[in-house]
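This is what each chain is made of:
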Amino acid sequence: QSVLTQPPSASGTPGQRVTISCSGSSSNIGSNAVTWYQQLPGTAPKLLIYITNQRPSGVPDRFSGSKSGTSASLAISGLQSEDDADYYCAAWDDSLSGRVFGGGTKLTVL
Amino acid sequence: QVQLVQSGAEVKKPGASVKVSCKASGYTFTSYDINWVRQATGQGLEWMGWMNPDSGNTGYAQKFQGRLTMSRNTSITTAYLELSSLRFEDTAVYYCARQSYMDVWGKGATVTV
Chain A
1 QSVLTQPPSA SGTPGQRVTI SCSGSSSNIG SNAVTWYQQL PGTAPKLLIY ITNQRPSGVP
61 DRFSGSKSGT SASLAISGLQ SEDDADYYCA AWDDSLSGRV FGGGTKLTVL
Chain B
111 QVQLVQSGAE VKKPGASVKV SCKASGYTFT SYDINWVRQA TGQGLEWMGW MNPDSGNTGY
171 AQKFQGRLTM SRNTSITTAY LELSSLRFED TAVYYCARQS YMDVWGKGAT VTV
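Here the protein sequences come in this chain order: A and B.
Number 36 in our numbering belongs to position 36 of the first sequence; there are no gaps in the numbering.
Position in the second sequence (first residue = 1) + 110 = our numbering.
Derived by calculation from the structure, the hints in this document are not laboratory data.
Backbone N, C-alpha and C fix where the C-beta goes; we use that ideal spot for every residue, glycine too.
Hints are not guaranteed to be accurate.
[Unchecked claim] DEER-style ranges, computed between Cβ atoms:
#1 Asn162(B) x Thr19(A): 27 to 37 Å
#2 Ser97(A) x Glu120(B): 39 to 49 Å
#3 Asp84(A) x Gln111(B): 25 to 35 Å
#4 Gln16(A) x Gln153(B): 22 to 32 Å
#5 Asn53(A) x Val121(B): 20 to 30 Å
#6 Ser66(A) x Ser141(B): 27 to 37 Å
#7 Gly176(B) x Gln16(A): 39 to 49 Å
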């Protein structure tokens, strides 16, 4: 039921590269910047990527964001055990005049 | 350091109202919007709305129109979210976050209806 569509789960082994997709439409991802958040269990979300591909200070360069048309992706390289978390994408939606989130992706580091 | 400190847990009956606070410190309160996001247990993030602490202008998600009020007291650098006509499904953790891309988050306030 989320406006942005993410796969519910993803997995990888330590050292691998994984990508998480986020699909939207012309009114959100297609025309606005995308942000990504990481949420560890029992904690508040943490900003990972803003303005589609910018990393806040302190976020490792293993995390990167990209966008093409109405879809966006979060890539995590050199996967580590501490990356085991939920990941959410978000964007402003011009039609709804509000921010919308993806349903979240649970990343499991095997 | 930049931080947002939220009020404590609340337990309310259906039909009542709840007011959650978010005190900002470490930056100029009036220079950044405040967003509110909620999360029911085991569910995803849901954006509720934004407020400009300088002007007091607000924007609410359509879902909450009519029962959501965001306000602020600039003298104590505190933003507020008030939700009325509470329903069981409003049970969630309510977060405040700074500016449009939400770079700083409060720890959340649990509201149980």
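- request: Could you check the hint for me, namely that Ser97(A) and Glu120(B) are 39 to 49 Å apart, CB to CB?
  value: Given a distance of about 29 Å, which is not inside 39 to 49 Å, the answer is violated.
field: Whether the CB-CB distance between Asp84(A) and Gln111(B) falls inside 25 to 35 Å
entry: holds (26 Å)
- prompt: Gly176(B) and Gln16(A), beta-carbon distance inside 39 to 49 Å?
  reply: holds (48 Å)
27 to 37 Å as the expected CB spacing between Thr19(A) and Asn162(B), which holds or is violated: holds (35 Å)
task: Just tell me: holds or violated, for the beta carbon distance of Ser66(A) and Ser141(B) against 27 to 37 Å?
output: holds (30 Å)
query: Does the Cβ distance between Asn53(A) and Val121(B) fall inside 20 to 30 Å?
result: violated (42 Å)
- prompt: Are Gln16(A) and Gln153(B) spaced within 22 to 32 Å by their CB atoms?
  reply: holds (28 Å)
Violated hints, listed in ascending order, are 2, 5; each of the other numbered hints is respected by the structure.
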